[in-house]
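**Q** Using UniProt numbering, the letters of the sequence shown correspond one by one to residues 1 to 558.
To be clear, the hints were calculated from the coordinates, so they are not data collected in a lab.
These figures come from a predicted structure and were not determined experimentally.
Heads up, some of the hints might be wrong.
Result set (EDC-like, lysine to aspartate or glutamate): computed pairs, CA atoms no more than 20 Å apart in a straight line [what the hints assert, rightly or not]:
#, residue 1, residue 2
1, K34, E80
2, K418, E80
3, K34, D57
4, K137, D319
5, K453, D322
6, K418, E290
7, K137, D57
8, K34, D322
9, K267, D322
10, K137, D322
11, K453, E364
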Amino acid sequence: MLKKINLYYSWGGVLMILSVIMIQFSMSFLNSSKNILIEWTIISINSFNLNYIMFFDWISLMFMSVVMIISSMVILYSSEYMGIKSFSSNRFLFLVLMFILSMMLMIVSPNLMSNLLGWEGSGLVSYCLVFYYNSLKSYLAGMLTCLVNRLGDIGLIISVSWLSCYGSWNFLFYLEKYNYYMYMLIIVSSFTKSAQIPFSMWLPAAMAAPTPVSSLVHSSTLVTAGVYLLIRFFNKLQFNNFWFVIISMMTMMMSSFCALYEFDLKKIIALSTLSQLGLMMSSLFFGLSEMTFFHLCTHAMFKSLLFLCAGIFIFHMNDNQDIRCMGPTCIMMPYTTSCFMISNITLCGMPFLSGFYSKDLIVELYSSGMCNSMIYMLFYISLSLTVLYTIRLIYYSLMFNVKNNSMNLFLEKLNMMKYSILILVINSTMFGCMMGWLTMMNTTLIMLTFNIKLLTTMMIISGVILSLEYLKINKYMMMNYYYEITNMWMMFNYSYYIFKLTYKFIFKYKNMLNWGEIYGPRGLSYLLISMSNKYQLYYISNFKILLISFLIWLTMMI
Numbered sequence: 001m002l003k004k005i006n007l008y009y010s011w012g013g014v015l016m017i018l019s020v021i022m023i024q025f026s027m028s029f030l031n032s033s034k035n036i037l038i039e040w041t042i043i044s045i046n047s048f049n050l051n052y053i054m055f056f057d058w059i060s061l062m063f064m065s066v067v068m069i070i071s072s073m074v075i076l077y078s079s080e081y082m083g084i085k086s087f088s089s090n091r092f093l094f095l096v097l098m099f100i101l102s103m104m105l106m107i108v109s110p111n112l113m114s115n116l117l118g119w120e121g122s123g124l125v126s127y128c129l130v131f132y133y134n135s136l137k138s139y140l141a142g143m144l145t146c147l148v149n150r151l152g153d154i155g156l157i158i159s160v161s162w163l164s165c166y167g168s169w170n171f172l173f174y175l176e177k178y179n180y181y182m183y184m185l186i187i188v189s190s191f192t193k194s195a196q197i198p199f200s201m202w203l204p205a206a207m208a209a210p211t212p213v214s215s216l217v218h219s220s221t222l223v224t225a226g227v228y229l230l231i232r233f234f235n236k237l238q239f240n241n242f243w244f245v246i247i248s249m250m251t252m253m254m255s256s257f258c259a260l261y262e263f264d265l266k267k268i269i270a271l272s273t274l275s276q277l278g279l280m281m282s283s284l285f286f287g288l289s290e291m292t293f294f295h296l297c298t299h300a301m302f303k304s305l306l307f308l309c310a311g312i313f314i315f316h317m318n319d320n321q322d323i324r325c326m327g328p329t330c331i332m333m334p335y336t337t338s339c340f341m342i343s344n345i346t347l348c349g350m351p352f353l354s355g356f357y358s359k360d361l362i363v364e365l366y367s368s369g370m371c372n373s374m375i376y377m378l379f380y381i382s383l384s385l386t387v388l389y390t391i392r393l394i395y396y397s398l399m400f401n402v403k404n405n406s407m408n409l410f411l412e413k414l415n416m417m418k419y420s421i422l423i424l425v426i427n428s429t430m431f432g433c434m435m436g437w438l439t440m441m442n443t444t445l446i447m448l449t450f451n452i453k454l455l456t457t458m459m460i461i462s463g464v465i466l467s468l469e470y471l472k473i474n475k476y477m478m479m480n481y482y483y484e485i486t487n488m489w490m491m492f493n494y495s496y497y498i499f500k501l502t503y504k505f506i507f508k509y510k511n512m513l514n515w516g517e518i519y520g521p522r523g524l525s526y527l528l529i530s531m532s533n534k535y536q537l538y539y540i541s542n543f544k545i546l547l548i549s550f551l552i553w554l555t556m557m558i
């Protein structure tokens, strides 16, 4: 038992130390404008080299620091949450470490082939972590996650094959050579990994994984990989991005509406992650790459804190995830409740917290840009909906009085789970302002009118008012729309019919695949073998042909 505890603690400490080192190097590289490129030639064939390249700049080092600090807290948290006495605790730890390693490979690689190694590795390990619990629901969720992610990986694999025509897979050196179709493939791959419409159905299903895994996956690793890849390709994302902005905005609105009707705690937090991913994607296609990266890092801090606090609630409520049964938790767990409240108001963009420095900057840059009225309307409605479902979550989980589980009384003890969320509370409070000051991202001069400047505040206030009125509405009046809204705009249904039609087409026309077997290499080999056997049989059975062949052989020998 002591060996297992030390294993968790040692890896958590190593990752925390590496996080501090990475953020120091990141600030040093930013101030000196320094980049380091390490190249290792694995094999060389004529003029084509297969290289493994690691590229270190301030963006990659900063993101690695964020991933490592969150991973260290998740590992320390898991030492209590997952049960150190269980026989599978080491397996869980090694899966998490493999997941972190795959994400590190993806972050530092400017080479599409080595990037694909980390990209596929994170997807496959996440598949193993989603069905960590042995149940049919976990298996189905893991299969859905794997299939949707593999669907998007096709675009990245085709891009790798396409880029090999240039003699190298180093996409940072060939951004000017990329054509329109290659960028479309990269964008589709990023949309599947970051769960944008129409690939959003796997994100709530991935909540079947343990809560520490959900905290790691939905804050800084798997779902943010698509956003990070597009940040690296940002130099060529300057063509007409109108429809991509609309898709991202619709993802924000769809996830916010679904969160308003959901009662599963983890799914509500997952849908809020989907909403923030839509915000990042829309700001990236709007041309705000640095602001997108800023919000990516700050969002990772408070979203991991939100998941870990939710995990403590679920842990003490005997694995019950219904927010309607969580009313007394604010009395019995004041420390965890306070951390949960901080993460929620940071998600809303409360001033002087981490989420405010990135989200308010994105909103002001949106307002100062040249956008049409539809994008403005979708953007500000999504902001108010964020406040709406957050206030609803706070009300149900902390203020809603329930009478069940009245005998389930417990005292809050300071263990490793509480210490891990303490570090994340500090980061959620101070990381945004520190990163903004150190990277000078908040020094942009933005000229806005007084009315537009107050528009964000008015939308937040209107979101609070609407949430209070929403809680008074008779829910039976709205049950007609419950299924359509909570089903992610019927996304599960049409994805089911698309898969069904695809399998029906394959089953009906499976004989078409035999053409490739008959007229392809395998059929040609069978044809040559049969012709050779027939000729050999005819050659042996005919004495005249045998005699003529023998005479020809004698003539040649003379």
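**Q** Which earlier hints can't be squared with this structure?
**A** 1, 5, 6, 7 and 8
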